[in-house]
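*Asks:* Going left to right, the sequence shown walks through residues -1 to 290 as this note's numbering numbers them.
Careful, some of the hints might be misleading.
Stated by the list, open to error - Cut-off 27 Å, straight-line C-alpha distance, at most; resulting in silico cross-link-like pairs (DSS-like, lysine-lysine):
1. LYS152 x LYS185
2. LYS152 x LYS216
3. LYS152 x LYS73
To be verified - Derived Cβ-Cβ restraints for the label pairs, each shown as a range:
4. ASP20 x ASP50: 15 to 25 Å
5. ASP279 x ALA252: 49 to 59 Å
6. GLN205 x LEU141: 44 to 54 Å
7. LEU72 x GLU194: 40 to 50 Å
8. ARG271 x GLU107: 17 to 27 Å
9. ARG271 x MET130: 17 to 27 Å
10. HIS184 x LEU72: 16 to 26 Å
11. LEU223 x VAL44: 36 to 46 Å
12. LEU141 x SER253: 24 to 34 Å
The set of hints was computed from the structure by calculation and includes no laboratory data. None of the values given here were measured: they were computed from a predicted structure. Glycine is no exception: its CB is placed at the ideal position from the N, C-alpha and C atoms.
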Amino acid sequence: MVVITPAGSTIEGQLLWLFGLDKQPELEFAVREISGNRDAELDFTVRYILDDLGIELEEPESDRLDSLIERFGLKFPTTRDFSALARDSLPEIVPGRDDPDTVLMAWLEREEQLFRRLERIIVSERLVGGFMAGGEADVDGFLSFSLSVQNRRKARAGQSLENQLEALFLGHRIRYSRGAETENRHKPDFLFPGIEEYRNAAFPAPQLTMLGSKSTLKDRWRQVLTEAERIGEKHLVTLEPAISEHQTDQMRQASLQLVLPRRLHDTYRESQRNWLMSLSDFIGLLAQRQDL
């Protein structure tokens, strides 16, 4: 596989981090042998980047995962149910006691494993059945099914992040409203301490906090800038590694603070890391503002 990326782009930064390369000179090839056992490093971040390249990896612990999802048969449960199953399957992890960044990543990784395993089972069953209609290949049926698989992945990832964040806030006794309507029918993902305080003009604006949630960012971060007019500095949580300096500089100028699980901070350039906020930092800010 040969991958060509725009210089200074987010995907270039992700690939340089993934393969442990320094900045590549323009119009030249850099070759690096990857040695050793990298299986232990195939975590959520690595899989995120490989998925963008269309490379899928088989999940480990297939038997254990199958035992967890067998209750669903050949149907996808609601995203809330799937998120809850991921948390229940990790009883050793306790929100409110354990590090928030570690907790969130563990829940998300387990949910991703469970979803991909169930998806593989359901899609395999559908492929075995074939795509024939009236003795002819059902091309439209195949395309529709393929599109539904891709759309489900994208929609589930965003909802999964919101669900696990909500469970994390509950574990830390943080007050919030999820998806409440503000000005112009905007619906920020999370408002703290809640929509009632936001709508109360007498409640101090500096005590209000807004958090947007986007599992993948791309250029969509600007969408959150108009979602809560009373709040000057907004926060946005994402799982996207190695976002370009150009984009993070634009976020700073727009008074948008990026929040990432601490493990992802290492994928960013050193010049960006001091500005990034972890989940632990963000929950600490909320606890302070809510006098917890």
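*Asks:* Give a verdict on every hint.
*Replies:* A quick look at each hint next to the structure:
1. Among the hinted pairs, LYS152 with LYS185 is consistent with the structure: their alpha-carbon atoms are about 19 Å apart, no more than 27 Å.
2. A hinted pair counts as satisfied when its Cα atoms are at most 27 Å apart, and LYS152 with LYS216 qualifies at roughly 13 Å.
3. Distance hint between LYS152 and LYS73 is fulfilled; the C-alpha atoms sit about 18 Å from each other, no more than 27 Å.
4. Range check, ASP20 to ASP50: Cβ separation about 21 Å, and the 15 to 25 Å hint holds.
5. At roughly 20 Å, the beta carbons of ASP279 and ALA252 sit outside the given window of 49 to 59 Å.
6. The supplied range of 44 to 54 Å is met by GLN205 and LEU141, whose beta-carbon atoms lie about 51 Å from each other.
7. LEU72 and GLU194 have their C-beta atoms about 43 Å apart, which keeps the hinted 40 to 50 Å range intact.
8. For the pair ARG271 and GLU107, the supplied restraint of 17 to 27 Å holds, since their beta-carbon distance comes to about 22 Å.
9. A hinted range of 17 to 27 Å is violated for the C-beta pair ARG271 and MET130, which are about 54 Å apart.
10. At roughly 38 Å, the beta-carbon separation of HIS184 and LEU72 lies outside the given 16 to 26 Å, and the hint is violated.
11. As the Cβ distance of LEU223 to VAL44 is approximately 31 Å, the hint placing it in 36 to 46 Å is violated.
12. Under the hint 24 to 34 Å, the C-beta atoms of LEU141 and SER253, about 43 Å apart, miss the expected range.
Going down the numbered hints, you'll see the structure goes against 5, 9, 10, 11 and 12, while the others check out.
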